[in-house]
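Peer 1: Sequence:
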Amino acid sequence: MASCNQIIFFTSLIVFGILFMRNNVEKVEAADIFCTQECNPEAFYMLCPQNNTKIYNICKNCCQARLLSCHLYRDDDSLIC
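Per mature numbering (1 follows the signal peptide of the UniProt record, and there is no 0): the sequence shown = residues -30 to -1, 1 to 51.
Source of the hints: derived by calculation from the structure; they are not laboratory data. Since this is a predicted model, take the numbers as computed values, not measurements. Beta carbons are placed, not taken as given, at the ideal position from N, Cα and C, and that holds for glycine. Certain hints may be false.
[Unchecked claim] Here are the simulated distance ranges between beta carbons: (1) Glu8 with Asp45: 54 to 60 angstroms; (2) Asn27 with Ile(-17): 55 to 61 angstroms; (3) Ile(-24) with Cys51: 36 to 42 angstroms; (4) Leu38 with Ser(-19): 46 to 52 angstroms; (5) Asn21 with Asp47: 15 to 21 angstroms; (6) Thr6 with Tyr26: 18 to 24 angstroms; (7) Phe4 with Cys(-27): 39 to 45 angstroms; (8) Cys32 with Cys(-27): 18 to 24 angstroms; (9) Ser(-28) with Leu37: 51 to 57 angstroms; (10) Cys9 with Asp46: 17 to 23 angstroms; (11) Lys24 with Phe4: 24 to 30 angstroms; (12) Thr6 with Ile(-17): 40 to 46 angstroms.
[What the hints assert, rightly or not] In silico lysine to aspartate or glutamate, DMTMM-like type, Cα no more than 25 angstroms apart, as pairs: (13) Lys24 with Asp46; (14) Lys24 with Asp45; (15) Lys24 with Glu12; (16) Lys24 with Asp47; (17) Lys24 with Glu8.
Please work from the sequences and hints to get the whole structure.
Peer 2: Take a look at the structure:
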């Protein structure tokens, strides 16, 4: 049977391990995301909530639009992303 000291030691080891691992989790920032440069051929316009105007003649894909907090739409006004 395990002694009380061994149980306390292993419990402490697990708790400190969890705390150490939480501090080493890598956080991803928007600036760290790399998008490909391909255009989505279905994208007819882009709408950004900041100015709420339709931007035509775009060469964007969903990854690029997300980084700008925008949405891509088809020519029938259906949402792509």
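Peer 1: A separate judgement is required for each hint: does it hold in the structure or not?
Peer 2: Structure-based check of all given hints:
| no. | hint | verdict |
| --- | --- | --- |
| 1 | Glu8 with Asp45: 54 to 60 angstroms | 19 angstroms, violated |
| 2 | Asn27 with Ile(-17): 55 to 61 angstroms | 58 angstroms, holds |
| 3 | Ile(-24) with Cys51: 36 to 42 angstroms | 52 angstroms, violated |
| 4 | Leu38 with Ser(-19): 46 to 52 angstroms | 47 angstroms, holds |
| 5 | Asn21 with Asp47: 15 to 21 angstroms | 18 angstroms, holds |
| 6 | Thr6 with Tyr26: 18 to 24 angstroms | 22 angstroms, holds |
| 7 | Phe4 with Cys(-27): 39 to 45 angstroms | 52 angstroms, violated |
| 8 | Cys32 with Cys(-27): 18 to 24 angstroms | 57 angstroms, violated |
| 9 | Ser(-28) with Leu37: 51 to 57 angstroms | 56 angstroms, holds |
| 10 | Cys9 with Asp46: 17 to 23 angstroms | 18 angstroms, holds |
| 11 | Lys24 with Phe4: 24 to 30 angstroms | 27 angstroms, holds |
| 12 | Thr6 with Ile(-17): 40 to 46 angstroms | 42 angstroms, holds |
| 13 | Lys24 with Asp46 | 13 angstroms, holds |
| 14 | Lys24 with Asp45 | 12 angstroms, holds |
| 15 | Lys24 with Glu12 | 15 angstroms, holds |
| 16 | Lys24 with Asp47 | 11 angstroms, holds |
| 17 | Lys24 with Glu8 | 20 angstroms, holds |
In the structure shown, a violation is registered for the earlier hints numbered 1, 3, 7, 8, in ascending order.
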